[in-house]
Amino acid sequence: SRRRGSEGAAREVKMSAPKTIPKDAQVMIQILKDMGITEYEPRVINQMLEFTYRYVTTIIEDAKTYASHANKSNVDADDIRLAIQCRMDQSFTSPPPRDFLLEVARQKNQTPLPLIKPYTGPRLPPDRYCLTAPNYRLKSIQKKVSSSAGRISVPRLSVGAVTSRPTTPTLGTPSVQSVTTKVGTPVSLTGQRFTVQIPPPSQTTTTKPTTPSTPAVSNVLINPSLIGSKNILITTNMVSQNSGGESLKRKHEDDDDYDTL
Amino acid sequence: MAAVQGGMGDADIKTDIKTEPSADGFGNNNANDGRVLSASPGSSSSTGSNKQTAAVTPEDQQTLLAVLQFLKKNKLSESVEILRREAGLPENSLDPKANESAGAGSGGAAGIVDLEGGDASSLLSRVTGSSSAGAQAPTKAAVAEDQPDVSVVLSAYSQQGDPTLYKVYYRDLKKFIETVLDCHRAELSQVFYPLFVHMYLELVYNNHESEAKAFFEKFSGDQECYYEEDLRILSGLTKKEHMRGNETLLDFRTSKFVLRISRDSYQLLKRHLQERQNNQIWNIIQEHLYIDIFDGMPRSKSQIDAMSGSLAGEAKREANKTKVYYGLLKEPEIELPLDDEDEEAENEEGKPKKKKPKKDSVGSKSKKQDPNAPSQNRIPLPELKDSDKLDKIMYMKEATKRIRLGPDNLPSVCFYTFLNAYQGLTAVDLTDDSSLIAGGFADSTVRVWSVTPKKLRKVKSAADLNLIDKESDDVLERIMDEKTASESKIMYGHSGPVYGISFSPDRNYLLSSSEDGTVRLWSLLTFTCLVAYKGHNYPVWDTQFSPYGYYFVSGGHDRVARLWATDHYQPLRIFSGHLADITCTRFHPNSNYVATGSSDRTIRLWDVLSGNCVRIFTGHKGPIHSLAFSPNGKFLASGATDGRVLLWDIGHGLMVGELKGHTDTIYSLRFSRDGEILASGSMDNTVRLWDAMKAFDDLETDDFTAATGHIHLQDNSQELLLGTYTTKSTPVIHLHFTRRNLLLAAGAFNP
Chain A
1 SRRRGSEGAA
11 REVKMSAPKT
21 IPKDAQVMIQ
31 ILKDMGITEY
41 EPRVINQMLE
51 FTYRYVTTII
61 EDAKTYASHA
71 NKSNVDADDI
81 RLAIQCRMDQ
91 SFTSPPPRDF
101 LLEVARQKNQ
111 TPLPLIKPYT
121 GPRLPPDRYC
131 LTAPNYRLKS
141 IQKKVSSSAG
151 RISVPRLSVG
161 AVTSRPTTPT
171 LGTPSVQSVT
181 TKVGTPVSLT
191 GQRFTVQIPP
201 PSQTTTTKPT
211 TPSTPAVSNV
221 LINPSLIGSK
231 NILITTNMVS
241 QNSGGESLKR
251 KHEDDDDYDT
261 L
Chain B
1 MAAVQGGMGD
11 ADIKTDIKTE
21 PSADGFGNNN
31 ANDGRVLSAS
41 PGSSSSTGSN
51 KQTAAVTPED
61 QQTLLAVLQF
71 LKKNKLSESV
81 EILRREAGLP
91 ENSLDPKANE
101 SAGAGSGGAA
111 GIVDLEGGDA
121 SSLLSRVTGS
131 SSAGAQAPTK
141 AAVAEDQPDV
151 SVVLSAYSQQ
161 GDPTLYKVYY
171 RDLKKFIETV
181 LDCHRAELSQ
191 VFYPLFVHMY
201 LELVYNNHES
211 EAKAFFEKFS
221 GDQECYYEED
231 LRILSGLTKK
241 EHMRGNETLL
251 DFRTSKFVLR
261 ISRDSYQLLK
271 RHLQERQNNQ
281 IWNIIQEHLY
291 IDIFDGMPRS
301 KSQIDAMSGS
311 LAGEAKREAN
321 KTKVYYGLLK
331 EPEIELPLDD
341 EDEEAENEEG
351 KPKKKKPKKD
361 SVGSKSKKQD
371 PNAPSQNRIP
381 LPELKDSDKL
391 DKIMYMKEAT
401 KRIRLGPDNL
411 PSVCFYTFLN
421 AYQGLTAVDL
431 TDDSSLIAGG
441 FADSTVRVWS
451 VTPKKLRKVK
461 SAADLNLIDK
471 ESDDVLERIM
481 DEKTASESKI
491 MYGHSGPVYG
501 ISFSPDRNYL
511 LSSSEDGTVR
521 LWSLLTFTCL
531 VAYKGHNYPV
541 WDTQFSPYGY
551 YFVSGGHDRV
561 ARLWATDHYQ
571 PLRIFSGHLA
581 DITCTRFHPN
591 SNYVATGSSD
601 RTIRLWDVLS
611 GNCVRIFTGH
621 KGPIHSLAFS
631 PNGKFLASGA
641 TDGRVLLWDI
651 GHGLMVGELK
661 GHTDTIYSLR
671 FSRDGEILAS
681 GSMDNTVRLW
691 DAMKAFDDLE
701 TDDFTAATGH
711 IHLQDNSQEL
721 LLGTYTTKST
731 PVIHLHFTRR
741 NLLLAAGAFN
751 P
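First to last, the protein sequences are chains A and B.
Counting in the numbering used here, the first sequence tops out at residue 261, every number present.
Counting in the numbering used here, the second sequence tops out at residue 751, every number present.
The hints are simulated quantities; they were obtained by calculation from the structure and are not laboratory data.
The C-beta atom is built at its ideal place from N, Cα and C for all residues, glycine as well.
Careful: at least some of the hints might be erroneous.
FRET-style restraints, in silico, Cβ to Cβ [to be verified]:
1. B:E477 x A:Y136: 29 to 39 Å
2. A:Y53 x B:E224: 36 to 46 Å
3. B:L476 x A:S91: 44 to 54 Å
4. A:S91 x B:C183: 45 to 55 Å
5. B:P332 x A:S91: 31 to 41 Å
Straight line, CA to CA, 25 Å or less: simulated PhoX-like cross-link-like pairs of lysine-lysine [claimed, not checked]:
6. B:K534 x A:K108
7. A:K117 x B:K323
8. B:K301 x B:K239
9. A:K108 x B:K323
10. B:K213 x A:K117
11. A:K33 x B:K621
12. B:K175 x B:K301
13. B:K72 x B:K167
14. A:K117 x B:K392
Build the full structure now, drawing on both the sequences and the hints.
In structure tokens, the structure reads:
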């Protein structure tokens, strides 16, 4: 088998041509043997040596920096010690100590398990902690579509872009422009409701309702697959129309839960 | 039991100086004294003034001299003068004694053990900087061998006497134990290993490198073979700095090694050690060992070997006394749409151990509340949705067609081999109905395949979903986008190898845990990542969904396991207590308990409701890599790198079986659907089937064994082994019984 072959190769190399292996590699082989590692591919030695060189070089360079900072002409043991210490705290951290963990655990375990609300659709954390928001923004020529830009940074925004439908909870027309310019402004319309609307592409400030924009499935989950040709960025149900969509809305209560944690 | 030793003459000092309670729960005497001596120099002068009222015993003298030296070292000449005057000491009365009695020395120094432990963690160091510096200074002084007083009294890791004499003490103890009666010898030999390690660590800590090395060389060969790994790690540890970054070692130092010794053997040991002049060993035992005494026959070597091997000794008896509700939750009543043949099939089967109710309408009468089962609302569980009810109906239908397994009716095994994985396959999971298989890889991808001919499809985009007829019967098919149909899907998101993977019971979600410290939730409708749960900042070695969904558990390198709910971005429970990484996490079938296996070679059972550890199982000699609960919830099987499968009775907290046969790490364990057969898969490229019914049937748990936790294990591995199936060169990393009791296995071809 290949693995046995490689071991044989490792052994062979050691025995047949000891002089051609550099001293560092011989030392590394000895270290592995001392630590009880007997089976390894020959590339492991190269990897270990690479790590050793990189580590030592980093330490010495750091030490040189510290020495020059202290206006010393030579690097001495204290600099090296300091360099090692700093690197340890940065790269080679170890997990927190046991008593700290016990204390944290004790506090955490005191709170009772939260009750589970029934019939709430996919049980996910508040959107802020999910990876379900779009991470891009489509730049569009028309103003009406660019209102969707406001949704990017704060998915919780209720952006009223559609003025066409009297039933939609939206702001008046002026909000369209304001939202586009200041992307970050939280324009909260309905107060408690988190809704995001789809601007159908042909939407204008006319009063004519355009293509039906009441998707049956309104999972925030399916965002990524919506990058269709239709220029629709986020879809949820249209709150206004159907009262049956409550279960699918991410209410602010969720965020309240978060805040009290 | 381990009473802190007396021999302290300095009662006054203790009462006068106020100290903070020690976090590690060391004896108050020690803590007080320790802090006295490491407190700022200002207070030590007041100490001196107190001392003059106490009788100047030899111990007092020692302490005084030590304090004097300390003050001198720090050039506090005025305080030196005051102290000398008040204590009435003559000038230059430094009287180095090679072996002062342990009284003052241990008393003073012992308390500082936890202070030094605090060095490593900023949180424990309630001691001020000066005191830790104070503790450090004398240890530096200890390097200069001319003043052993200071080092003994003030050094961190209570150096009990001359380091060169450690060999002598150990050898004497060895000789004593060898001359003891046979029946006691096995028990007393348990003391060797922890004593050896602690003495070695003391020498290292106090910078006696050469003595430490000599001590190690002389006595490391005597230790039990299963401690070989630990000893090898110790052999590389020769300086104090090496100890600092090693969390496991620090935990080992600060936690007590538990030994179970019968009263008679213990009396022997105690008498022998106390009658000697220099009973340093006795003090070390007091310090670092917890001796759980039981009344009864001393244990034999084989019994001891079966239970020992973990990093912290065995488990205290009290640790396994909590009541554990290991019964199963009642299944909900579901209207089963039966046609005639299904009804008949159901009526014929009278399997008492099956999880599902036999007949829905009639079954409710026979099901009284099982006293060993938790109540339905002990922990909140998600409600049953319509889709879940449909799943349950499918489950029951399949269960009627299940093959009854047994020693004369072995399951067929179907092996799914991952080709071209190049040693990158790190985790595998299958859904309960065996329709999907997922693999986690070292290149940080997660791939899902369909086991059935049905392809994997993504859900349509929102606009398309508008157009479908929501009222039609096959709406669930219509929401799927045919254009995306494929045999497998790849999901990217992790930034490190994926070590744990788990499907949700409703097949909507997939969890994966990775070396990058996150646990990711993926949707199996859109095949995209939904949430990344951050909490472990170190590799997460395993994760699993609860059998009812909604909760999941994860365990990793940071030595804790966390319980999460999918809709909380922070964990709900933190299970802390292990001394080393947690390598395996499993839910109990009733979702009220979580079992974790760890590199410290113990298995702990945690209560989800309170977060407490309710059981500790020791006995494995290597890190545990696989756990499996029996379907009836009563038993737990575990496999480790030592190649043995151990069986545990959860209710009593005892080991009830040992299955030997594998020659390499066991990475997968699974009980058959009715619990008759246990399948184990290992790195030695084999799958072995064991007779679980038989293993659990012959149990004799009379009162004595239940009380003391000793059980006579029969060496019947050979009889219990029903079959060994070898693969060509594929280690088995996952096993799964389908609902009809066909065994599926998975692994990556490794030529």
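Now the hints, each set against the structure:
no. : hint                        : in the structure
1   : B:E477 x A:Y136: 29 to 39 Å : 31 Å, holds
2   : A:Y53 x B:E224: 36 to 46 Å  : 39 Å, holds
3   : B:L476 x A:S91: 44 to 54 Å  : 50 Å, holds
4   : A:S91 x B:C183: 45 to 55 Å  : 53 Å, holds
5   : B:P332 x A:S91: 31 to 41 Å  : 52 Å, violated
6   : B:K534 x A:K108             : 16 Å, holds
7   : A:K117 x B:K323             : 30 Å, violated
8   : B:K301 x B:K239             : 35 Å, violated
9   : A:K108 x B:K323             : 22 Å, holds
10  : B:K213 x A:K117             : 62 Å, violated
11  : A:K33 x B:K621              : 22 Å, holds
12  : B:K175 x B:K301             : 18 Å, holds
13  : B:K72 x B:K167              : 33 Å, violated
14  : A:K117 x B:K392             : 22 Å, holds
Taken one by one, the earlier hints fail for this structure at numbers 5, 7, 8, 10, 13, listed in ascending order.
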